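Peer 1: Sequence:
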Amino acid sequence: MKSKTRYYLNLFFVTTISLLFALLLLTIYFTDKWTQSILHPTRIPSTGDLLKAEHVPFRKVKLTTKDGLELAAWYTVPKNGAVILLAHGYNDKRPENIYMMLVWHGYGVLTWDFRAHGDSGGDISTLGYYEQLDVEAALDYALAQEGVEHVGAWGGSMGASTVILTAARRTEIEAVMSDSAYPSLEDIFSVNVPYDFLIPIVKASGEYHSGAGVDDVRPVDEIGKISPRPVFIIDGWEGAAIIMNSPYRLYDSANEPKQIWVEEGVPHLGMLANNSKKYENRMIEFFDEWLLGK
Numbered sequence: 001m002k003s004k005t006r007y008y009l010n011l012f013f014v015t016t017i018s019l020l021f022a023l024l025l026l027t028i029y030f031t032d033k034w035t036q037s038i039l040h041p042t043r044i045p046s047t048g049d050l051l052k053a054e055h056v057p058f059r060k061v062k063l064t065t066k067d068g069l070e071l072a073a074w075y076t077v078p079k080n081g082a083v084i085l086l087a088h089g090y091n092d093k094r095p096e097n098i099y100m101m102l103v104w105h106g107y108g109v110l111t112w113d114f115r116a117h118g119d120s121g122g123d124i125s126t127l128g129y130y131e132q133l134d135v136e137a138a139l140d141y142a143l144a145q146e147g148v149e150h151v152g153a154w155g156g157s158m159g160a161s162t163v164i165l166t167a168a169r170r171t172e173i174e175a176v177m178s179d180s181a182y183p184s185l186e187d188i189f190s191v192n193v194p195y196d197f198l199i200p201i202v203k204a205s206g207e208y209h210s211g212a213g214v215d216d217v218r219p220v221d222e223i224g225k226i227s228p229r230p231v232f233i234i235d236g237w238e239g240a241a242i243i244m245n246s247p248y249r250l251y252d253s254a255n256e257p258k259q260i261w262v263e264e265g266v267p268h269l270g271m272l273a274n275n276s277k278k279y280e281n282r283m284i285e286f287f288d289e290w291l292l293g294k
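Take 1 as the starting number for the sequence shown in the working numbering and just add one per residue.
Source of the hints: derived by calculation from the structure; they are not laboratory data. Wrong hints could be hidden among the right ones.
Just the calculated beta-carbon pair ranges, DEER-fashion [as the list claims (entries may be wrong)]: (1) 191 <-> 277: 28 to 34 angstroms; (2) 54 <-> 221: 36 to 42 angstroms; (3) 262 <-> 62: 36 to 42 angstroms; (4) 104 <-> 243: 32 to 38 angstroms; (5) 144 <-> 273: 33 to 39 angstroms; (6) 37 <-> 237: 27 to 33 angstroms; (7) 248 <-> 200: 26 to 32 angstroms; (8) 34 <-> 259: 18 to 24 angstroms; (9) 171 <-> 215: 21 to 27 angstroms; (10) 121 <-> 36: 16 to 22 angstroms; (11) 259 <-> 191: 23 to 29 angstroms; (12) 62 <-> 123: 40 to 46 angstroms; (13) 190 <-> 55: 43 to 49 angstroms; (14) 121 <-> 33: 20 to 26 angstroms.
The structure presented is a predicted model; accordingly, all values stated were derived computationally and were not measured. Just so it is clear, CB atoms sit at the ideal spot from N, CA and C, and this is done for glycine as well.
Let's have the full structure, built from the sequences with the hints guiding it.
Peer 2: See below:
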């Protein structure tokens with residue numbers, strides 16, 4: 001009787017362990033697949049239709065990154081000696097509306113598709129790690145153009161976080177306007193990964209497939225290095241921005257000169273749509289003051 005009881009107990013133990021192990025393997029497998037889907041965003045083409053409809057002059061150019069990728073871009077020559085780099089967000093495209101506003105006010109503009117986005121090369125998006133090379137390629141291109149005396153940068157979401165990281169190292173970026181930046185990739189994981197125990201798996205999978213260092217994408221730790229150059233932090237106070245406390249953490253970590261504009265009830269990257277004229281005015285006032293000395 002004892003031997004039979006021991007047999008069933010052992011069978012139960014082995015079966016339970018096997019099921020748990022199988023569940024663990026399935027969890028790792030499907031989490032890895034989900035992570036890989038994040039690394040390969042849907043490519044959204046930038047058509048230029050709005051710019052053409054509004055008769056905004058621009059030309060197609062190619063940028064080459066230090067790791068050999070070719071990025072599709074548009075460039076408009078400045079009338080006032082200043083060029084603004086426009087860095088779009090994850091799974092997004094070149095911001096034609098921002099582009100148009102800046103050109104109307106005499107600014108030159110350079111915008112591009114980040115790696116693994118739009119018409120640019122590359123297969124993997126690292127949400128701010130290797131994308132810094134893309135911003136640097138744009139910066140180097142702008143600095144090499146005739147008549148360019150000043151360079152500023154605008155970024156949205158991933159683009160904003162990447163611009164912050166790049167500007168902390170590249171002092172040629174004289175002014176930074178950040179719309180809906182995230183403080184760190186760790187924060188993004190905390191908000192978007194449904195269970196905390198999956199975060200280490202997502203992190204390990206992402207680093208394995210991309211070669212990127214997740215812990216190195218921390219704009220909140222780097223934004224203070226931009227000073228004495230100015231930073232303008234913009235965000236809507238809703239959803240993930242509240243959970244991460246994004247705008248206020250970035251603002252508190254930045255050094256002077258700095259300014260912040262937050263509106264309650266406005267979604268991620270929704271400040272422009274919420275009040276386009278105010279957005280345009282504040283953007284132009286910021287760049288006019290810090291790039292043109294107006």
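Peer 1: Give a verdict on every hint.
Peer 2: Comparing the hints with the structure gives:
no.: 1; hint: 191 <-> 277: 28 to 34 angstroms; result: 31 angstroms, holds
no.: 2; hint: 54 <-> 221: 36 to 42 angstroms; result: 39 angstroms, holds
no.: 3; hint: 262 <-> 62: 36 to 42 angstroms; result: 37 angstroms, holds
no.: 4; hint: 104 <-> 243: 32 to 38 angstroms; result: 36 angstroms, holds
no.: 5; hint: 144 <-> 273: 33 to 39 angstroms; result: 34 angstroms, holds
no.: 6; hint: 37 <-> 237: 27 to 33 angstroms; result: 29 angstroms, holds
no.: 7; hint: 248 <-> 200: 26 to 32 angstroms; result: 28 angstroms, holds
no.: 8; hint: 34 <-> 259: 18 to 24 angstroms; result: 38 angstroms, violated
no.: 9; hint: 171 <-> 215: 21 to 27 angstroms; result: 24 angstroms, holds
no.: 10; hint: 121 <-> 36: 16 to 22 angstroms; result: 19 angstroms, holds
no.: 11; hint: 259 <-> 191: 23 to 29 angstroms; result: 25 angstroms, holds
no.: 12; hint: 62 <-> 123: 40 to 46 angstroms; result: 18 angstroms, violated
no.: 13; hint: 190 <-> 55: 43 to 49 angstroms; result: 45 angstroms, holds
no.: 14; hint: 121 <-> 33: 20 to 26 angstroms; result: 24 angstroms, holds
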